[in-house]
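Protein chains in written order, with the numbering used here: chain S, 1 to 521; chain F, 522 to 815; chain P, 816 to 1129.
Hints are not guaranteed to be accurate.
Said to hold, decoys possible - For lysine-lysine, the following PhoX-like pairs were computed, each having C-alpha atoms within a straight-line distance of at most 25 Å:
| hint | chain 1 | residue 1 | chain 2 | residue 2 |
| --- | --- | --- | --- | --- |
| 1 | S | Lys317 | F | Lys588 |
| 2 | S | Lys103 | S | Lys144 |
| 3 | S | Lys124 | S | Lys455 |
| 4 | F | Lys642 | S | Lys270 |
| 5 | F | Lys642 | S | Lys271 |
| 6 | F | Lys588 | S | Lys381 |
| 7 | S | Lys455 | S | Lys152 |
| 8 | S | Lys130 | S | Lys293 |
| 9 | S | Lys359 | S | Lys344 |
| 10 | S | Lys179 | S | Lys130 |
| 11 | S | Lys89 | S | Lys150 |
| 12 | S | Lys455 | S | Lys32 |
Stated by the list, open to error - Per label pair, the in silico range of CB-to-CB distance:
| hint | chain 1 | residue 1 | chain 2 | residue 2 | range |
| --- | --- | --- | --- | --- | --- |
| 13 | F | Tyr641 | P | Gly950 | 42 to 50 Å |
| 14 | P | Gly890 | S | Glu451 | 53 to 61 Å |
| 15 | S | Lys419 | P | Asp988 | 48 to 56 Å |
| 16 | P | Gly950 | F | Arg650 | 37 to 45 Å |
| 17 | S | His323 | P | Pro901 | 40 to 48 Å |
| 18 | F | Arg650 | P | Leu907 | 25 to 33 Å |
| 19 | P | Val881 | S | Lys31 | 56 to 64 Å |
| 20 | S | Lys419 | P | Leu824 | 23 to 31 Å |
| 21 | S | Glu294 | F | Ala625 | 35 to 43 Å |
Unchecked claim - Which bits of chain P does chain S cover? Going by a derived footprint, with three or more residues having C-beta under 8 Å, they are:
| hint | region |
| --- | --- |
| 22 | 853-867 |
| 23 | 1074-1080 |
The hints are simulated quantities; they were obtained by calculation from the structure and are not laboratory data. For every residue, glycine included, the Cβ atom is placed at its ideal position computed from N, Cα and C.
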Amino acid sequence: MSMRPHRRAVLLGVASLVLVAGSVLTVEAQKKGGILKVGNLGEPPALDAHWTTASITEMLTNHVYEGLYSLDNGNRPIPMLAESHTVSKDGLVYTFKLRQGVKFHNGKEMTSEDVVASLARWGKQSIYGKALFAQVADWKAVDKYTVEMKLKEKSAIVLISLAVPNNFGAIYPKEIAEKFAPEVKATEWIGTGPFKLAEWKPDQYIRMVRFDDYKSRNEKPNGYGGGKTAYLDEVRFQPVPEVATRVAQVETGELDFADDLNLDAYDRLKKNPNLRPIVTKPYYWLVAVLNKKEGLMTNQKLRQAWQAAIDIEPIMKNVAGGHTEFYRMDSSLVPPEIAAWHTKLSGLPWNEHNKDKVKRLLQEAGYKKEPIRFMTTQEYKWMYDFALLTKQQLEDVGFTIDLQVVDWATLVKRRNNSKEYDAFTTGIGAFYDPTHPVFLTPSWPGWTTDEDILKLQAELARETDPKKRMALWEQQTRQFYEKVPVIRYGDLFGLRAIRNTTKGFNEKTERIRFYNVWVEK
Amino acid sequence: MSDAAVARSEVVTRNAAARPSWLARLARNRNIGVGAVILAVVMLAALLAGVASTHDPRRLNPAERLKPPSAANFLGTDEFGRDVFSLVLYGGQVSLLVGATTMALTSLWGIAIGLIAGYYKRVDLVLMRIMDGLMAFPAILLAIALMAARGPGVGNVIFALSVVYTPRTAMLIRSTVLSIRELDYVQAARALGRRDLMIAFRHILPNCVGPLLVQASFIFAYAILAEAILGFLGVGVPPYVPSWGNVIASGKNVIREAFWVSLFPGLALTLSGLGLNLLGDGLRDVLDPRLRVQ
Amino acid sequence: MTVYLVRRLLTLIPVLAVVVTVVFLLIHLIPGDPVSVMLGPDATPAQIDATRQALGLDRPLHEQLVKFYARVLRGDLGQSYFLDRPVVTALLERAEPTMVLTFSALLVAILIGVPSGIIAAAYPGSLWDRTLMLGALLGVCVPGFWLSLNFIYLFAVRLGWLPAAGYASIFADPVAALRYMVLPAVSLGFNQSALIARISRSCMLEALQQDYIRTARAKGLSTGVVTWVHAFRNALVPVVTVIGITMAILIGGAVVTEIVFNIPGLGRLIISAVLRRDYPVVQGVILVTATAYVLINLAVDAVYVLIDPRIRYE
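The whole structure should be built from the sequences, with the hints applied where relevant.
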């Protein structure tokens, strides 16, 4: 058993759980009540889970809404609002049984018509929904608690798509799902989750209060799913955009929990007896997305030269505030936390920093020091940091980099126009299925249109045998490093801090959840 | 009581003394002396950055990040291992360039607009409403919006700050022109058939020099401070270009782990501001005793 | 006086017309796009275009400008893209924190600035004078955000006397409101007190040289009476001007303070609105602050008359 506090929940009676912390047998009892103040970095653009891929919306909406499926400890799909499902022999018909007696925050019972309307909307707007519904031939209610999905062809991504937490298939009441067109954001927020939205005062707080009629699953908590109990009377999400202020407020106890802190504060937070810093794994892998539609980077040799040039470890270490705890050197496109798709391939051309190879590739590419337009932003400091370090490394081996530091709103706009850039920075969050990476699609900025890549993606979507899928995924990973649609750096971890008075927080999951959390003050 | 007596006697002597030439008074004014010396030192340091700096200020050195001041790095290193001493020296070039150019541009535009408005009643109304409109923007918000529209860059910072500060200078020149144009000798010049432009340059402009110099020194000081604020908000000079604002801004997140990153450029900025303000105060005392009141 | 005020109010219209047009053009010239921000990092261009259409952002700029004018004339500032509420509502929510901050900072600035200026002027050339004036100079030159961050560290984190950041409504919880407001008001007010101190000093010096002060002294009145009663009143006019200017500056200067101390006021609103390209909010905030600025200037001129009977407006 590891030395770090190990948590195992034991079910006692209906709603009381006992926490065993490591080998020290301190039994802590959950307490109802209290307000938890959470500091995060900004305002969500919407509280409509179908509508945006913004991660702040993901974090907030997962307290209010639930989907048919959720993810367990190992990031595999487990039922949430669904009771069970059956798949026809030919693999073309999925029949979902819904849980009965689940109530929306407005008191109405959730039934099949809500599920059908919600997921139909999600299927038109969400990136995951669209990918899934592209394969759906028919989607309808069979009876009050049964829905049926008919597919055009066999699919491997039905359950995982319904389970991903980001841009997720949240179930809204039918009236709301039908009232707001998919491209119009919903501004009424009613779900089945353990917390309901009480008040949203922009730049001050979003107050969520316990939903007393919440019907929990009977299982114990498991990853993002299983049993959920809202002990807290209220969770108050407070946007604190200035990171120095966010750190100070969790140190003084004005916040019980603060997310996205600057990694340089880690040592100081560790010394503070009143709180505990948490390393968020996984967080993002750093990536330079290359424009493969137009301009210099359409040249595969030049992309390979960039990949061969970079010395990743010093870059990662600098971005991680000098702390080795905050980065991981790994060539797998999926982090080990998502065990099912983590690859252990050797001999990949990753982190080579091989000058001779770069020289050769640049020559073969016919590159004549034309400036490469590399867009980044300071709004996400780690993006600017690794872009700046990259510029120096690349220029040392013969590239010319025109680093363009713009604000985020400009970057996300300009990256859609293939004429305006050659590369841009972003982070790739954990994805739960090999068909989910946006950087392997032809529609996302950067435009990966390589036929071989897309062919493998299509095969991965069709193939349902896990072993064969893994083999395909390994093949795709090798192909990734050969064709270099984007430049993968290393895995960066995040830093959050939690006051000791906050109990029961699941530190193992990447995404923040405050059900099953209580306070002792 | 005795202090008051001193004050009175000071006043008396000042009034009683024969008014020496303004050049002599310039030289004698202590504020100007101290201000000029401070400014000269800061400017010299910035100009000599190429010689005096110990490191390439743009060279990243991740292995040496956030090292405290030492013999190798006099003022320590920043989060990318850049030498803060060299950053402050080179940063001075950029910050002072921003300040000086903004000062020059606002003066030029201000003179042009102020002269035209003060001289031609017909355009006066339109020009002054535009100036009013620009003044009505909170200065920093206007600068932010302009920066967002034009993107980061030294030239764009100078442009944005010049737009922000020009109305003040224009108003000042206009009011000076208005008060002078009715004076006898200007009327006389006009009666003699001198062209407007000639009159403006011969007779009116020289009278504006005093107030203008005072105003300009303060605008210089505001501009370097504003550059720092824009840097803090992430909409100033591109962050990899060393400027005092950028170095302070990059140090703000590590203010407690590595105070030296933001402290020393902050001191350089404060010092230059101090020099400029002393200079401005002194000029005001000497060049235009009436203006001192405002 | 009334005629004057009405005339001044009428000049407000062209000024605001300039402001409205400049703001509109400026914000739409800024590259970037609210929809790309709203839809998040993984959104595809096709999705973005659909939502732009839904918001009417695909219409030609002049068409949008005409619509904007029409709405402003009806007193409607539009709907925020991000905040799911009308801009007017968003503004009203943020007005209180900014006003409380501005007035507290102004109070601090006056409380520090005016007495310092008077003391310095009463004893010119003395150690007091030099120390106070050097302090005032430093106050002008120190970057405000740097001072604020150090204040937070010292008084909140180290000493634990005051909260690091945040805001409580003065109507809901006056004690908490006061505790939250001390650090921001002091760091913002200190910067501005410098200007007030310097102006107060020079005006006092000026006033003390006037003949009637000499007469007062000759009558044997004490320095205190001379300084505070006779000279001060006359020095007040320019000081009021500066206080007016200060207030106008504070409205804009509050931006950085609001960000550092996490105060949910207009400054933070506009920064986030600019960064997210929430066009209606940017337009609304600038319009309102510009109006406030013009009105403050007007008020300052009106106050002159009350203070100095020599000034009369036709």
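Verification of the supplied hints:
Between Lys317 of chain S and Lys588 of chain F the alpha-carbon distance is near 15 Å, which keeps this suggested pair within the 25 Å criterion. For the hint pairing Lys103 of chain S with Lys144 of chain S, the CA-to-CA distance comes to about 14 Å; that is within 25 Å, so the pair holds. Of the pairs offered as hints, the one joining Lys124 of chain S and Lys455 of chain S holds, with about 24 Å between alpha carbons and a cut-off of 25 Å not exceeded. For the proposed pair Lys642 of chain F and Lys270 of chain S, the alpha carbon gap of about 69 Å is over 25 Å, so the pair is violated.
Of the supplied pair hints, the one linking Lys642 of chain F and Lys271 of chain S is violated, its CA atoms being roughly 70 Å apart against a limit of 25 Å. For the proposed pair Lys588 of chain F and Lys381 of chain S, the alpha carbon gap of about 20 Å is at most 25 Å, so the pair holds. With a C-alpha separation of about 18 Å, the suggested pair Lys455 of chain S and Lys152 of chain S falls inside the 25 Å cut-off, and the hint holds. For the hint pairing Lys130 of chain S with Lys293 of chain S, the CA-to-CA distance comes to about 23 Å; that is within 25 Å, so the pair holds.
For the suggested pair Lys359 of chain S and Lys344 of chain S, the alpha carbons sit about 29 Å apart, so the restraint of at most 25 Å is broken. Between Lys179 of chain S and Lys130 of chain S, the direct Cα distance comes to roughly 20 Å. Compliance with the 25 Å bound is thereby established for this hinted pair. Distance restraint check for Lys89 of chain S and Lys150 of chain S: the Cα-Cα separation of roughly 12 Å lies within the 25 Å cut-off, and the hinted pair is therefore satisfied. With a CA separation close to 53 Å, the supplied pair Lys455 of chain S and Lys32 of chain S exceeds the 25 Å bound.
For Tyr641 of chain F paired with Gly950 of chain P, a C-beta distance near 45 Å keeps the hint of 42 to 50 Å intact. Taking 53 to 61 Å as the suggested C-beta distance range, the pair Gly890 of chain P and Glu451 of chain S conforms, at roughly 57 Å. The given range of 48 to 56 Å is respected by Lys419 of chain S and Asp988 of chain P, whose C-beta atoms sit roughly 54 Å from each other. For Gly950 of chain P paired with Arg650 of chain F, a C-beta distance near 39 Å keeps the hint of 37 to 45 Å intact.
The supplied range of 40 to 48 Å is met by His323 of chain S and Pro901 of chain P, whose beta-carbon atoms lie about 46 Å from each other. Arg650 of chain F and Leu907 of chain P have their C-beta atoms about 29 Å apart, which keeps the hinted 25 to 33 Å range intact. For the pair Val881 of chain P and Lys31 of chain S, the beta carbons lie near 59 Å from each other, so the given range of 56 to 64 Å is met. Separation of Lys419 of chain S from Leu824 of chain P is about 49 Å and departs from the stated range, judged on CB atoms against 23 to 31 Å.
Look at Glu294 of chain S against Ala625 of chain F: about 41 Å separates their beta carbons, and that is inside 35 to 43 Å. Closer than 8 Å: that is the beta-carbon criterion, and the region 853-867 of chain P has 13 residues meeting it against chain S, so the requirement of 3 holds. Requiring three or more residues with a Cβ within less than 8 Å of a Cβ of chain S, the coverage given for the region 1074-1080 of chain P holds, as 5 such residues are present.
Going through the hint list in order, the structure does not satisfy hints 4, 5, 9, 12 and 20.
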